[in-house]
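Asks: Chain by chain, the residues:
2 protein chains.
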Amino acid sequence: MSIVSIMSTKNQIEDYLNDNLPAADSPPAELHEAMRYAVIGGGKRLRPILAIAACEAVGGTLETVLPAAAAIELIHSYSLIHDDLPCMDDDDLRHGQPTTHKKFGEATALLAGDALLTLAFEWAAKLKNSEIIKVIARAAGNQGMVGGQIADLSATGNTPSAEQLEFIHSHKTADLITAAVVVGGLAGEGSPAQISKLRKFGQNLGLAFQFVDDILDCTSEAQTLGKTPGKDMASDKVTAVAVYGLEGAKVLAKKYIDEAKKILADETWKSNELLSIANFILNRKY
Amino acid sequence: MSIVSIMSTKNQIEDYLNDNLPAADSPPAELHEAMRYAVIGGGKRLRPILAIAACEAVGGTLETVLPAAAAIELIHSYSLIHDDLPCMDDDDLRHGQPTTHKKFGEATALLAGDALLTLAFEWAAKLKNSEIIKVIARAAGNQGMVGGQIADLSATGNTPSAEQLEFIHSHKTADLITAAVVVGGLAGEGSPAQISKLRKFGQNLGLAFQFVDDILDCTSEAQTLGKTPGKDMASDKVTAVAVYGLEGAKVLAKKYIDEAKKILADETWKSNELLSIANFILNRKY
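Protein sequence lines correspond, in order, to chains A and B.
All letters in the first sequence, in the order written, are residues 1 to 286 by my numbering.
All letters in the second sequence, in the order written, are residues 1 to 286 by my numbering.
Bear in mind the hints are in silico, worked out from the structure with no lab data behind them.
Errors might be hidden in some of the hints.
Each pair may be met inside one copy or between any two copies, as identical chains are not told apart.
Think about it this way: if two alpha-carbon atoms lie no more than 30 Å apart in a straight line, the pair counts; the simulated BS3-like pairs of lysine-lysine are [as the list claims (entries may be wrong)]:
#, residue 1, residue 2
1, Lys231, Lys103
2, Lys10, Lys261
3, Lys128, Lys231
4, Lys44, Lys261
5, Lys270, Lys103
6, Lys126, Lys250
7, Lys10, Lys134
8, Lys200, Lys10
9, Lys128, Lys200
10, Lys102, Lys261
11, Lys254, Lys237
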């Protein structure tokens with residue numbers, strides 16, 4: 001995916017979100033404002049871009065997958081709102097702006113998260129494919145993102161192990177990224193062999209993504225990162241840097257990306273765009 | 001639906017929930033324990049019973065609709081967990097037991113709610129009917145239950161009006177009850193005319209249900225009710241009793257039930273069980 005092509009895809013995702021989220025002046029306006037604030041505020045749109053790239057890689061079109069791709073972005077946004085709440089990570093800054101509960105209060109932020117998660121399934125249902133609903137729900141739920149989230153919380157303060165780290169990273173982060181790639185493959189009617197390759201690609205990509213996140217938490221400044229850096233280390237989180245050290249984490253992040261690229265390298269279908277995204281994930285600064 | 005038949009249906013719902021919720025000893029165990037605690041703890045199972053009765057009324061079987069009926073119960077359970085949180089209604093007692101956050105802490109309760117909402121869509125997807133996913137998501141989301149919830153919160157303390165009350169009751173309560181009935185009709189492959197009747201029946205039933213809830217909040221004791229009574233009045237909530245007085249609310253609850261029964265009265269399909277449930281809702285003590 002060239003830079004121009006990624007920018008164009010990102011614009012179409014932004015347009016879909018903007019056009020399909022409830023209008024900020026429609027009742028209940030406070031809820032709708034908070035939903036839009038959390039989603040429209042920023043973000044790399046990595047998950048929907050991946051879903052679209054995977055769909056196109058197996059021969060589908062952007063239009064086929066767009067509602068489900070945007071649905072996955074809603075789930076990512078809801079998870080950030082809930083994750084930032086005082087009873088969770090208690091964060092004040094996200095995408096360079098006050099977090100949703102800082103801006104709208106805790107009750108509205110909680111409900112805006114609930115509403116975004118619910119709306120995600122309404123959007124995903126537009127593809128009329130029950131398998132896609134199942135893939136998204138599994139990746140986001142107790143055996144996926146939410147499961148990783150609670151493991152992340154309960155691991156805080158303990159001596160971190162590599163196994164614990166992998167459980168947390170796999171579920172908290174890699175599962176939803178993997179789901180984005182798999183949903184793209186399913187929407188584009190990829191073969192079972194293609195879906196299987198995409199799944200393994202997504203898992204390695206997702207693990208690399210969280211390694212880079214942990215590295216940036218130690219090395220970046222708030223202005224670039226858009227959120228409070230150093231917070232994971234300060235709160236004794238189980239991070240890649242805590243387990244492997246900064247240099248060790250960098251080596252492993254590259255290893256996961258190399259592994260991801262290797263999975264698709266010999267395929268004859270057009271996966272160049274997925275490979276470009278893999279490079280972006282390794283080299284990103286925010 | 002005879003008492004025996006309702007009890008048998010309720011047992012099958014309990015079995016489905018028990019068998020399909022994640023095992024309490026499977027990791028992440030803390031999350032799974034909290035999910036089971038919130039769902040298995042108690043409840044009338046009104047929404048899944050309604051979905052099954054509606055499905056059978058149009059000629060379908062219990063098995064056809066059971067996963068979606070149970071999914072709607074998960075959504076009801078998640079809404080109670082989040083509703084009871086300190087930043088919302090801050091309640092200590094539910095189904096005669098400590099609320100989920102009192103038992104497991106706020107972070108785990110929040111995540112258990114998120115996981116139940118997500119799992120609901122995985123279960124509902126088993127019916128392989130995108131229309132059913134859409135009906136459930138709309139009823140539970142920003143234009144449904146969550147929308148009613150935020151209106152309920154922001155209305156607290158103001159002078160209540162009948163219009164405000166109807167908006168809150170329709171969305172906070174009646175939308176999900178209506179969805180249960182409609183999902184039953186759709187799963188049982190009811191005709192568009194039947195679905196339309198079921199929708200109107202559900203709306204009236206749902207409004208009656210919330211009127212009776214408001215009445216019981218004023219007249220019941222904690223032991224019977226299983227939650228803290230008098231709390232809505234004490235916190236200046238917009239309730240049917242606040243708007244119409246206790247006797248006025250009783251008259252209107254009966255009116256909604258009469259209206260619901262009238263909608264199905266002349267139908268030739270076997271809606272007797274739905275009519276029995278309508279009577280139960282008016283006369284319930286908890």
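Asks: Decide, hint by hint, whether the structure agrees.
Replies: Tested hints:
1. In this homomeric assembly, Lys231 and Lys103 come within 30 Å of each other (Cα to Cα) both inside a single copy, at 20 Å, and across copies, at 28 Å.
2. Taking identical chains as interchangeable, the C-alpha atoms of Lys10 and Lys261 lie at most 30 Å apart only when both belong to the same chain, with a minimum of 22 Å there against 52 Å between chains.
3. Neither within a single protomer nor between protomers do Lys128 and Lys231 lie at most 30 Å apart by alpha-carbon distance, with minima of 41 Å and 43 Å respectively.
4. In this assembly of identical chains, Lys44 and Lys261 lie within 30 Å of each other by CA distance solely inside one copy; the values are 21 Å within and 53 Å between copies.
5. Neither within a single protomer nor between protomers do Lys270 and Lys103 lie at most 30 Å apart by alpha-carbon distance, with minima of 44 Å and 52 Å respectively.
6. When the C-alpha separation of Lys126 and Lys250 is checked against a cutoff of 30 Å, the pair qualifies neither within a copy, at 40 Å, nor between copies, at 42 Å.
7. Taking the shortest Cα distances, Lys10 and Lys134 sit within 30 Å of each other both inside one copy (25 Å) and across copies (26 Å).
8. Proximity of Lys200 to Lys10 under the C-alpha cut-off of 30 Å is restricted to the intra-copy arrangement: shortest distance 24 Å within a copy versus 42 Å between copies.
9. Taking the closest pair of Cα atoms, Lys128 and Lys200 come within 30 Å of each other both inside a single copy (25 Å) and across two copies (26 Å).
10. Taking identical chains as interchangeable, the C-alpha atoms of Lys102 and Lys261 are never at most 30 Å apart, the minima being 40 Å within one chain and 47 Å between chains.
11. For a Cα distance limit of 30 Å, the shortest separation of Lys254 from Lys237 inside one copy, 22 Å, qualifies, whereas the shortest one across copies, 56 Å, does not.
Hints 3, 5, 6 and 10 from the earlier list are contradicted by this structure; the remaining hints agree with it.
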